[in-house]
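Put chain W on the given structure of chain L with help from the hints.
Those protein sequences? They're chains L and W, same order as listed.
Residues in the first sequence are numbered consecutively from 1, following the numbering used here.
Residues in the second sequence are numbered consecutively from 1001, following the numbering used here.
In short, the hints are calculated from the structure, not lab data.
Keep in mind that the hints are not guaranteed to be accurate.
Computed, partial: chain W to chain L, Cβ under 7 angstroms [unchecked claim]:
#1 TRP1003
#2 TRP1046
#3 LEU1049
#4 ALA1166
#5 PHE1169
#6 ARG1170
#7 VAL1176
#8 LEU1180
#9 ALA1184
#10 SER1191
This structure is a prediction, so every number in the text was calculated from the model and none was measured.
Here a beta-carbon is modelled for each residue, glycine too, at the ideal position from N, C-alpha and C.
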Amino acid sequence: MSMEFLFATGIGWVVAVGIYLLLRGRSFAVVLGLTLIGYAVNVFIFTMGRLWSAAPPILGAKELQADPLPQALVLTAIVIGFATTGFVIELALRSRHDGGSDHVDGRPDAPDDSAAPAESSR
Amino acid sequence: MSWLHTQLPILPVLLPAATAILLLLLGDHGGEDAGHGHRKLRWARWLALGSVLLGLAISAALVHGAAGGELRAYLVGEWPAPYGIAIVIDRLGALLLLLTSLVALPVLWYATGGWDSHGRYFHALFQFQLMGLNGAFVTGDLFNLFVFFEVLLIASYVLMVHGQGAERFRVGLHYVVLNLAASALFLIGVSLLYAKTGTLNLADLALRVPKVEGPDAAVVQAAAWLLLVVFGFKAALLPLSLWLPATYAGACAPVAALFAIMTKVGVYAIWRVHGVVFGAEAGASAYAVEQLLLPLALGTSVLGVLGALAAHTLERLVAWLTVASVGTVLVALSLFNPAAWSAGMYYMANSTLVIAGLFLLAELVAAQRGDAADRLVPASPVAQPTLLGVLMLLAAASAAGLPPLPGFIGKLMLLEASTAHTWQVAVWVTVLVVGFLTLIGLARAGSIMFWHVRHDLPDSAASGASPKLIGATLLLLAATVAMSVFAAPIQRYTEAAALQLSDRGAYARAVLGARGTATETTRPYSGRVDAPAGAASAGGTR
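Next comes chain L alone, as it looks inside the complex (with noise of 0.2 angstroms):
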C-alpha cells in the first residue's frame, strides 16, 4: 500500500508543481513546468502497467513478470518529450531573442514585474 501512496503523492505534487511553473509569465518557468509535467506523466504511463517488485517484464525469466507495454509506451513518450522539451527552449531563446523579453506574452521588461501572472490565451 505504502508504495502506490508514494506514487499517487509524488505524481500529485510533481504535477502541481508543473502547473504552478506553467502559469507563470517567464518562458523559462513555463518550460520547467512542461518538463516537471512530463515527467509526472512518464511516471504515471509506467504505473498504468500496475507497480511490481521482482518482476522483469522478460517471458518466462520469473514466475511472474510485469507488463511490458506501458514501459515500451513510456519510452517513446520520453523521447518524443525530450525532442519536443529541445525545441520549445530553442523557440524561446528565439522569442526573446527577437522580442526583447522572455515574457510569454512578449511584454517589456519592467523592473518589478518578475511576479506577474501569465495572461497567456489560455
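What follows is chain W alone, placed relative to chain L:
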C-alpha cells in the same frame, strides 16, 4: 501490381516521409542569398509537388477502394493486431486522406510562388506535416494516433514560425506550450484507458470498453473526458478555441491554409473515439460525452461567427470562420446518428477547402492594398478588383451556405438529420443564424475592401498577383464547386461512411480477424496468465 495494391494503405505515410528525407538530404540554404530561381530550390519544388501529386493519386485509389465497401486493415510487418501496428483504411479515413491531398496540392503550389524561399526547409517540413496528418487518419491504434499527432505538431510548430518575425515567435510559443500541455493530457487519457481495458487498438477498444462496468467504468469515462479535452483543443472546441485565431492569423498564408485541415484531425479523433468507441454500443460508457458535446459545439459555432464579426483583419476573420465551421461539424457529430454524421463529413470536406481557399485569397487581396494590407479599413483599390472580388464572392457564398454551393447542401443535410432530435430547435437556430452572420461578416469585409476604396491615397505599387497564385486559389475554390456538382455521389459516399463508422463489429473483424472477436485473453494484464486479474496486482485493481 498486386504487390502495390497490397502495400497501398501504408503509402500515404511512407511517401511523405521518404520525400521529406530526400528533401532534407537535398539541403536548403534559404532564399536570402539564393534567390527564387536557385537550382536546389527548383529541385525541391518539383520533388515536393510530384510527391503530393502522387499522394493525391494514392488517396484517390484508396477512396475508390473504400467506396466499394472494402475495409482494409494493413498490419505492419504482419504482426497480428492488437499487438502490432495496424493501419486501417475505411471510408472516413480514405475521405480525409483525399481531402488532405486536395488541400495540400494547391497550397504547396501557392507556396512555390515565393513563400517557400522565406525560410529554410519549408518543403521538408510540409512533407512531415503531411506524414503526420495522413498517419493520424489511417492509424488504427490510439497510441500511434498520439505519435502521429506529435509528428504533425512538431512539423506545424516550425511551419507556424516560417517566415519568422517577433510576432510569429510570440504566438508560436503560445501554440507550442499549449499543445505540449495537451499532449500530456493525451498521454494520461491513453494510459488510463490502457489500465482498464488492456489495449489501445481502436478495434479492440471498441470491443472491450462495453465490458468495463462498475467503478472501472468511471475511470474509463474520465479517460474519455480527458481525450475530449485534447481532441477538442486540436479541433478548437468552445472553451479551448481561443488559441486558434491568433495562431492561424499569425502564420503565413500557405501554412494557415494547410492548418485548415489540422483542426479536422481533432474532429476525426473525436469521431473515432467518442463517436465509435464511446458511442451507441459502449455499455456503461455509451454516449459518455454526448451531454456536453452538443451544447459546446453549438457554442463554438456562435463564438466563431461572433469573432468573425468582430475581426479587424481579413486573416483573423477567416481564422474565426474556421472555428465556426468546426463548430458546425461537431454539431453534426454530436447528434449521434448516421444521417447527421454524413452531413458532417460532407460539410467538413467543403468547409476545409473553402477556408483554405479563403486564407490564400486573404493574402492575395492584402498584397494589393498597400499599407492597409489585410486590415479591414478603407484603402486604395486592389489591382484586380473583378477577379479577386468574384473569388471572394464565391468563397463567401460557399462558407455562408448559399445555394447552390456545397456549404448549403451540407447545412441542409444537417438540418434534415436533426429533425426529431430533442435539440432540434437549438440546432436549426444556431446553424441558420451562424450562416447568416457569416455572410454578413464576409460581406462587410468584401464591401470595405472592394467598394469602399479611397482614391485620395496613392495606388499601391502592386501589380496583379501572378497567375500561379491565382491559379492555386482558384483550384481550391473550384474543388468546392465540384463538390456541388458531384453532390449526389459524394453524399452516397458519406452516408455509407457514416454507416460503416458506426458498425464496430465489421471494423473489429477487419482488423482483428475472426480470432480477435472470439478469444478472450486475460486483459488488463495481471502478471500471470492463469491467475485471476488482481491476485498478483499490487495496484489494487480488479
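Hint-by-hint comparison with the structure:
Interface hint at TRP1003/W: violated, since its Cβ lies 30 angstroms from the closest Cβ of chain L, which is beyond the 7 angstroms cut-off. The restraint placing TRP1046/W at the interface with chain L is violated, with a minimum CB-CB distance near 29 angstroms, outside the 7 angstroms limit. With a cut of 7 angstroms, the hint placing LEU1049/W at the interface with chain L is violated, because the nearest CB-to-CB distance is about 27 angstroms. Checking ALA1166/W against chain L: minimum C-beta separation of about 4 angstroms stays under 7 angstroms; hint holds.
For the restraint placing PHE1169/W at the interface with chain L, the shortest Cβ-Cβ distance is roughly 4 angstroms, inside the 7 angstroms limit, so the hint holds. With a least beta-carbon distance of about 4 angstroms to chain L, the hint placing ARG1170/W at the interface is held under the 7 angstroms criterion. For VAL1176/W, the shortest C-beta to C-beta distance to chain L is roughly 5 angstroms, which falls under 7 angstroms, so the interface hint holds. Proximity of LEU1180/W to chain L holds as hinted, the smallest CB-CB distance being about 5 angstroms (cut-off 7 angstroms).
The criterion of a C-beta within 7 angstroms of any C-beta in chain L is met by ALA1184/W, whose closest approach is roughly 5 angstroms, and the hint holds. Hint on SER1191/W holds. Least Cβ distance to chain L is approximately 4 angstroms, under the 7 angstroms limit.
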